[in-house]
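K.L.:
Using the hints provided, position chain G relative to the given structure of chain Y.
Chains Y and G are the protein sequences, given in the same order. Using our numbering, the letters of the first sequence correspond one by one to residues 1 to 330. Using our numbering, the letters of the second sequence correspond one by one to residues 1 to 325.
It is possible that part of the hints are untrue.
[Said to hold, decoys possible] Here are the computed lysine to aspartate or glutamate pairs in the DMTMM-like style, where the Cα-Cα straight-line distance is at most 25 Å:
1) Lys82/G <-> Asp314/Y
2) Lys125/G <-> Asp224/Y
3) Lys82/G <-> Glu234/Y
4) Lys44/G <-> Asp231/G
5) Lys131/Y <-> Glu103/G
6) Lys91/G <-> Glu234/Y
7) Lys128/G <-> Asp321/Y
8) Lys128/G <-> Asp219/Y
9) Lys82/G <-> Asp219/Y
10) Lys100/G <-> Glu132/Y
11) Lys125/G <-> Glu234/Y
12) Lys235/Y <-> Glu109/G
13) Lys100/G <-> Asp224/Y
14) Lys125/G <-> Asp137/Y
15) Lys82/G <-> Asp137/Y
16) Lys128/G <-> Glu234/Y
17) Lys153/G <-> Asp321/Y
18) Lys235/Y <-> Glu103/G
19) Lys141/Y <-> Glu61/Y
20) Lys235/Y <-> Asp101/G
21) Lys183/G <-> Asp224/Y
22) Lys82/G <-> Asp224/Y
23) Lys125/G <-> Asp314/Y
These aren't lab readings, by the way, just hints derived from the structure by calculation.
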Amino acid sequence: MQTKDLISFMIKKSIRIATLLVALCLISFLLIYMSPIDPVQAYIGADMMRVGQEQRARIAEHWGLDRPPLQQFMKWAASVVKGDFGTSMIYRRPVLEVIGKRFASSLVLMGAAWLLSGLLGFILGVLAAMKEGTWVDRLVKWYCLTLASTPTFWVGLLLLIVFAVWLGWFPIGLGVPAGVLAEALTVGQYIKHLILPAITLSIIGVANVALHTRQKLLDVLSSDYVLFARARGEKGIVLFWRHGLRNIAIPAITLQFTSFSELFGGAVLAEQVFSYPGLGQTTVQAGLRGDVPLLLGIVIFSALFVFTGNLIADLIYVLVDPRIRQGGAL
Amino acid sequence: MTDKKDSTAENSPAYTSNEMLLEVENLSVAFRQYNKGLQQMDLKVISSLNAAVKKGEILAIVGSSGSGKSLLAHAILGILPKNATVTGSIKYMGNELTTKDQERLRGQEIVLVPQSVNFLDPLMKVGKQVRTSVRNENPVEAQRRVFERYQLKQSVEGMYPFQLSGGMSRRILVSTAMVSGAKLVIADEPTPGLDPKIVDEALLHFKGLAESGCGVILITHDIETALKVADNIAVFYAGTTVEVAPVADFSGTGQDLRHPYSRALWRALPQNEFIPIEGVQPLPQNLPCGCFFQPRCERATASCAEKQPEAREIRDGMVRCIYAS
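Next up, chain G with everything else stripped away, as it sits in the complex:
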């Protein structure tokens, strides 16, 4: 993870704050695959991805399925499959994150809040599973305290995952992060398929985590969820970050947004203009040349297809578009 290609993003004032918790720059993830017999090829699923989160801040990562959101979480934790290769830079508290650091920090300072009850051991009582996440205090006390805080009855600790309701399992999964005393919480799609009341409740939990000084990365495909709690929103498209913007920029007709894709996403929401964009996100094996969004972009010109745009700092945000202003 030392291969640095450009440092445009690094030089901006926003990215050099001393409160910076995690910085991901030009991250690429490729999977070694065999196609047609023994022909080996590397399939690049994430390329030049950037994201950064400060202490006490919620960064929402928004993108449709297949844009590389979950893989970013797994890359930060170092739990990608064996056939994955990672290049680029991941810095934690200002230091380059090595494989050894990842092994030491995961579960300790960096924790994952997974997306569904399937991530709980089906044959282990949930109380015990929460207790295995506790690092620095009495596991039973810590687990009971967090259950009380999330209004889970004491009887719940003796239950198995299949006995939990959707809302309960959500609270259990967040509990595992709460009791760990972690500094960085990565929540991977924490709200799909939940009713709006439980979504709001889950978001409040993340807000609470951020207020207690944690950095939170909220990975979601639902831009509305992101808007409710996030400080910054990173928009992913085809394995790369096209824009990072403060949440306030998502307003009106999207005139403050920097990238045409973010603007299109915003305008596609039902409460806005409800205008869908033509085409689909390209698959990793046939990415277009130049800007990945260029074939679908209404403002695309010939120079867009020449090379992938560098990440640029514009108005407290980041964008990968040569025409952004």
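Here chain Y stands alone, though its shape is the one from the complex:
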């Protein structure tokens, strides 16, 4: 593929993300505007009795809440374009700083779960397809279908009960042990707190990847070119290595990159169950407590996150698959 094609590809993608973001911001803003949460009340919280009607009106005026919604939106959008996402009401810090900090701890969790589900799912899927119809295949299918129909938070609770409460192998929650100074933390403690949430988050992904990989490999195995390979005496591992892996690797990897949205959605639930201080938990907090700037910031950020995953998936196809790369069709 030529550089010119790549550039036009990137331009098209940029236009798409720009329009997507505008639409997304507008819809999110409208949803929050129409929600029953009153930002002033959410901001004041427990101090409600001590804050009079007049003071409330002044806070609302200070935030511009007395102006029509379109004006409010335009004002917010104008500062976002300049890079100012405002200040989080809950944390009293700039929104970008909060997101950056929380995302860093989520990234470790999501990354671990992403790798785990990808590798495990791929291996299980390959095993099931290569042994189609045997007990191995049935076991993998049973496992995947059971997990695919299980809610994330419920799996998280089960793991907590068994491994944290009964067996006591892992801490019950939080990202770090309570009551320990930040300087005294060890890497081991971080990892120990990470294991259960990461497993919870990867379990659902495993089922998805395994079932997709299995089906794709079965398609490949029943193709004409595998029949021809078998006619040439290839079988078992050699057959899988030469023709199977080659033909399922690209779809499997792209599927894994397009799963960013499920990963983010799962993180919201898993972090909530384990009180893990990541971006998912922050999203829930921002929503419940009416932290509009933070919530909108997270919406934009998560959209970019998912879009990046899809973009990488597209790029892999374009750059790796010879049929697209040399065919020059984008």
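P.N.:
Quick look at chain G alone, frame taken from chain Y:
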């Protein structure tokens, strides 16, 4: 593959030559199927099929779609799906071909030339795919030599199947057979959808293979293609061989042919009388009793519907018809 029902064909002088490469006798292939819930049934798609090929000879297998041609190729190679059961006898170089032999011989001594570019791995460079077929020599050298012989530029080896033209992919597929050093080449529909010049070129390749001492089985639905290069022609109808005849018998009004179906096929060609025959080939699930061709045969009598005719040797050929002479 030991179930032998009759040995009429085996006793003839033509079939006992010491040059015999492959003999298929009374081959039947059935597929286990489920119909109406869990009711299991065996669907017989090939029954009492005979074919034989000698070293240095081209046997063309002619029949319309659904007559069991490709399944014969897959049965010889042992690559039928798991739900298929095979009975009858397949002998390779005089010995019964067991499943173990098939695993050892396929790709080694018995090779398949498939029908289209779809049989090449879409994500593997074609040069590499040809090299994986090489058994006894340096793969790269063997592949370059065969490419040169078939006038394929060296740049072609770095191409993917989707970049090949029809003629190029045909030559690549034949190349996989050439480099393997096989003794028996089974070409399954190697010429459909190609322009006449490329068809002739492909046929020349098979002729060349036969001249170098290979046995070639050319499976085709196109009788004209078969006539150009074959030594013998086996005519398939509804999963069985109705006639095996030397190519010379396909001439004139078909008076030398033994079976009414072969004669009808011959006479249906545009350059001959262009007379189609009534009716269609029966499906495997509702075969007529007796001779499978009897409902469409103009010479059929009541005794034709009694039992399937045995294979008989007549004038250096084989026929399944009680009235053949």
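K.L.:
Any of the earlier hints contradicted here, and which numbers?
P.N.:
Hints 1, 4, 14 and 19 not satisfied by this model.
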